[in-house]
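A.B. asks: Here is how the chains run, residue by residue.
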Amino acid sequence: MKYLYAVLIAVALISLYGWLYIQNHKTPVPEGCESLKPDCGACGIKNCSVRKKYEGVTDHGNS
Amino acid sequence: MNLLTLFLSATLINNIILAKFIGMCPFMGVSTRVKSAVGMGLAVIFVIFGASVLSWLLYQFVLAPLGLDYMKLICFILLIAAFVQFTEMFIKKNSPSLYKSLGIYLPLITTNCAVLHVALDNVAQGYNFIETCVNSIAVPVGFMLMLVIFATIRERLEGNDVPAAFEGNPIAFIIAAIMALAFTALNGLV
Numbered sequence: 000m001k002y003l004y005a006v007l008i009a010v011a012l013i014s015l016y017g018w019l020y021i022q023n024h025k026t027p028v029p030e031g032c033e034s035l036k037p038d039c040g041a042c043g044i045k046n047c048s049v050r051k052k053y054e055g056v057t058d059h060g061n062s
Numbered sequence: 000m001n002l003l004t005l006f007l008s009a010t011l012i013n014n015i016i017l018a019k020f021i022g023m024c025p026f027m028g029v030s031t032r033v034k035s036a037v038g039m040g041l042a043v044i045f046v047i048f049g050a051s052v053l054s055w056l057l058y059q060f061v062l063a064p065l066g067l068d069y070m071k072l073i074c075f076i077l078l079i080a081a082f083v084q085f086t087e088m089f090i091k092k093n094s095p096s097l098y099k100s101l102g103i104y105l106p107l108i109t110t111n112c113a114v115l116h117v118a119l120d121n122v123a124q125g126y127n128f129i130e131t132c133v134n135s136i137a138v139p140v141g142f143m144l145m146l147v148i149f150a151t152i153r154e155r156l157e158g159n160d161v162p163a164a165f166e167g168n169p170i171a172f173i174i175a176a177i178m179a180l181a182f183t184a185l186n187g188l189v
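Chains as they are written, first to last, in numbering that gives the first Met the number 0: chain A, 0 to 62; chain B, 0 to 189.
Check the hints yourself; a few may be wrong.
Below, simulated DSS-like cross-link-like pairs (lysine-lysine); rule was C-alpha separation at most 25 Å, straight line [stated by the list, open to error]:
#1 B/K71 - B/K34
#2 B/K71 - A/K36
#3 A/K1 - B/K92
Computed footprint of chain B on chain A, listed as stretches where at least three residues anywhere in the stretch have a Cβ under 8 Å from a Cβ of chain B [claimed, not checked]:
#4 11–20
#5 24–33
Just so you know, the hints here were simulated from the structure itself, not pulled from any lab data.
Note that the Cβ used here is the ideal one computed from N, Cα and C, for glycine as well.
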């Protein structure tokens, strides 16, 4: 029974995350915020997922 | 533990960046401008507080009673990721101006290990609800304080003649090391 609870909790949290992720991506970005990019160019981690996402629009940094 | 002691300890003495070296990625990455540092700091305060309190509630009322302590790591990671998604969606819908200043830092915070550290630390230290709230505010306040101080120094450095070999990250690491040394002086405060 204990393992069933563990699986149920994990599934519930994964579902919650998945649902919120979809809802968040369905929500339109407010006007004027379409081309925002994080100012994290001082970080040298080239394989960071955030950096890769904004690589096309980043005009500074160490890479 | 006295709440003021807990606050001062978490903010200054056991500072998450300078004493524990956690959350170094945004500390080095988002510290070139004071404005960015303030935005990042505010977003971190909000996310750490919300995610830590939710994690504590999940642990105390679900995981601990069911004897599922070993699940806390995976549960907290999922909860933090879900909370960040919710926060981003909420800000997008309700406050475009806030989204403009903070929203862009939310994806960065998901990968900030400081958030997970605070959630796990609250449980490991056996804090009650009030202590959890105080610790969850104090740690990110300490984070923001260091981030803003560091960004201020880095901005001023731009106008100075730094040797070519030390430009950029090398001089930043040296400054961080000096700051860490300076803050060890506060060890006897509490």
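A.B. asks: Going through the earlier hints one by one, which of them does the structure break, listed in rising order?
C.D. replies: 1, 2, 3
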